[in-house]
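Asks: Under our numbering, the residues of the sequence shown are numbered 1 to 498, in order.
Just so you know, these hints were derived from the structure itself, not from any lab. Beta carbons are placed, not taken as given, at the ideal position from N, Cα and C, and that holds for glycine. Among the hints, erroneous ones may be present.
Claimed, not checked - Straight-line distance between alpha carbons at most 25 Å, and here's what the computed PhoX-like set of lysine-lysine pairs gives:
id: 1; residue 1: 466; residue 2: 292
id: 2; residue 1: 466; residue 2: 193
id: 3; residue 1: 65; residue 2: 30
id: 4; residue 1: 335; residue 2: 216
id: 5; residue 1: 193; residue 2: 101
id: 6; residue 1: 30; residue 2: 193
id: 7; residue 1: 65; residue 2: 193
id: 8; residue 1: 263; residue 2: 65
id: 9; residue 1: 193; residue 2: 216
id: 10; residue 1: 100; residue 2: 234
id: 11; residue 1: 234; residue 2: 216
id: 12; residue 1: 466; residue 2: 216
id: 13; residue 1: 292; residue 2: 335
id: 14; residue 1: 263; residue 2: 234
id: 15; residue 1: 335; residue 2: 351
id: 16; residue 1: 101; residue 2: 292
Said to hold, decoys possible - Derived DEER-like restraints, expressed as beta-carbon distance ranges:
id: 17; residue 1: 297; residue 2: 50; range: 56 to 64 Å
id: 18; residue 1: 89; residue 2: 311; range: 40 to 48 Å
id: 19; residue 1: 126; residue 2: 104; range: 43 to 51 Å
id: 20; residue 1: 166; residue 2: 376; range: 53 to 61 Å
id: 21; residue 1: 306; residue 2: 265; range: 34 to 42 Å
id: 22; residue 1: 104; residue 2: 427; range: 58 to 66 Å
id: 23; residue 1: 83; residue 2: 341; range: 54 to 62 Å
id: 24; residue 1: 466; residue 2: 337; range: 18 to 26 Å
id: 25; residue 1: 83; residue 2: 311; range: 45 to 53 Å
id: 26; residue 1: 101; residue 2: 153; range: 18 to 26 Å
id: 27; residue 1: 153; residue 2: 297; range: 40 to 48 Å
id: 28; residue 1: 90; residue 2: 47; range: 26 to 34 Å
id: 29; residue 1: 143; residue 2: 232; range: 29 to 37 Å
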Amino acid sequence: MHVVVIDRKIQLPISYRNWTAIRDRDFITKPEQFQPRRDKVVNLCADYSYLGYGYYCSLLAEARKLKVIPSVRTLLELRDRSIYRHALPELDEALRQRMKKIEAPTLSRFALDVYFGRPDDDRFGEFARKVFDRFRCPILRVEVSAEGRWHIARIRPLSFGELSLEQQDRFRAALDDYTRATWRIPKTTVVPKYTLAMLHDPSESMPPSSPRTLQKFIRVGEQMGVKVELIERKDYAELAEYDALFIRATTAIDHHTFRFARKAESEGMPVIDDPTSILRCCNKVYLAELCKANRVPIPRTLIIDRGTVESVEREIGYPAVLKIPDGSFSRGVVKVENREQLLLRAGLLLKESDVILAQQYLYTAFDWRVGVLRGEPLYVCQYMMSRGHWQIVKHGDDGRFEEGSATTFAVHEAPQAVVQLAVRVANLIGDGFYGVDIKETANGLYVIEVNDNPSIDTGYEDRVLKDELYRRIIQEFIRRLEGRQLVERPARVALVAS
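Build out the structure end to end from the sequences listed, making use of the hints.
Replies: This is the structure in structure tokens:
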């Protein structure tokens, strides 16, 4: 339920569709009326000043484990431009992009009012959403100036009473839409304790989890008291409304998945994959250096640039494998058999990256993949090479691809040396969820790759554990959320008189 906190100056109905209104003093003095983690609070008090009623309503809402906008952090941030100016460059750029599309602006200075991300001037829709995403406050006034070049001169919270009658009507409509769209009434009979956002990309040809698998996460989460909701790139502005984030889209650095991960981390949300894991796993150069520094066995490896390409012939020999640092799913990985291929292929890859990786070619009929979550092995798979090809995934020139078959083992039935090596290298990356690829040769085991966004698919990785695989992953989010609450809880101090 949404609770709208108002003061005596605001004329709103006591209840309306998706929300119930309550006076500020009643909200402060009657905490028993609200349900922690279930009720969401919209604080519309006129006075947000430090230690005023509006400030205390947000402060106490947070203390009661109620989700509230604006948060105390937002209120304190908006008090002084010197505090929030670090957020302005990105917003200023969005403003300038918008102003370029407006022919001959008549004003060099104007104010834009934003209601839950909706502007009072429809030309600024995308810009207003960005402002609201950064400063989640019901009503914001954005003062814009063309002095020098277009920029935000000031952002401040606005009270309902400062709006004209026409603006109040627009605000009521925005409030109704916000409370209806952002928080849906759970369909389950069990009230969920947490909400887990699962970021996916419906257009992705090789997603880490299929739509059927995502539905399994939703079903198992429901059984565990966790509401799992699928979100997409367009839902970035609503991310802070959830308790945690699980990324089930292929990650990259210059990509929306990384922005989602950073946003979640900045909001204090448990997130898998976390930004540090994405940074480390997405770059094969980093992984190679990390493994070398920690004596983790990897194929003979060189980091090369345009001036050192020919060293591959001398140091590694043929065949060799060239890898672009941030490729995934066998993309950006090529095998070269001779000098001509080396110079051609390396030249093409070096147009995309200043440095690339060259590795000794090790052919095996399959790769081991060990899924590791917080240092614990979850599953072990054998991924067979694609038929007639040297990789697990064979990409065609027409965009199509073929994959080899897979066999899943219980962790205790898999070669323990493989499992132990996978856990060891995963722990060098972090405490997230990783897929460690290992080749088993006559000369021993070699780590090929550590994936921050490993595949989980129905009938493959879950073949042994079934629903238990999904439960363990969701349980990790619960553990992190409950651990965060313990950190937030004040310590008890005993005063002992002697």
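Asks: Next step is simple, just say for each hint if it's right about the structure.
Replies: Against the structure, the hints:
| no. | hint | in the structure |
| --- | --- | --- |
| 1 | 466 with 292 | violated (36 Å) |
| 2 | 466 with 193 | holds (24 Å) |
| 3 | 65 with 30 | holds (15 Å) |
| 4 | 335 with 216 | violated (38 Å) |
| 5 | 193 with 101 | violated (45 Å) |
| 6 | 30 with 193 | holds (22 Å) |
| 7 | 65 with 193 | holds (11 Å) |
| 8 | 263 with 65 | holds (20 Å) |
| 9 | 193 with 216 | holds (19 Å) |
| 10 | 100 with 234 | holds (23 Å) |
| 11 | 234 with 216 | holds (23 Å) |
| 12 | 466 with 216 | holds (10 Å) |
| 13 | 292 with 335 | holds (22 Å) |
| 14 | 263 with 234 | holds (14 Å) |
| 15 | 335 with 351 | holds (17 Å) |
| 16 | 101 with 292 | violated (52 Å) |
| 17 | 297 with 50: 56 to 64 Å | holds (58 Å) |
| 18 | 89 with 311: 40 to 48 Å | holds (42 Å) |
| 19 | 126 with 104: 43 to 51 Å | violated (21 Å) |
| 20 | 166 with 376: 53 to 61 Å | holds (59 Å) |
| 21 | 306 with 265: 34 to 42 Å | holds (36 Å) |
| 22 | 104 with 427: 58 to 66 Å | holds (60 Å) |
| 23 | 83 with 341: 54 to 62 Å | holds (56 Å) |
| 24 | 466 with 337: 18 to 26 Å | violated (44 Å) |
| 25 | 83 with 311: 45 to 53 Å | holds (51 Å) |
| 26 | 101 with 153: 18 to 26 Å | holds (21 Å) |
| 27 | 153 with 297: 40 to 48 Å | violated (58 Å) |
| 28 | 90 with 47: 26 to 34 Å | holds (30 Å) |
| 29 | 143 with 232: 29 to 37 Å | holds (33 Å) |
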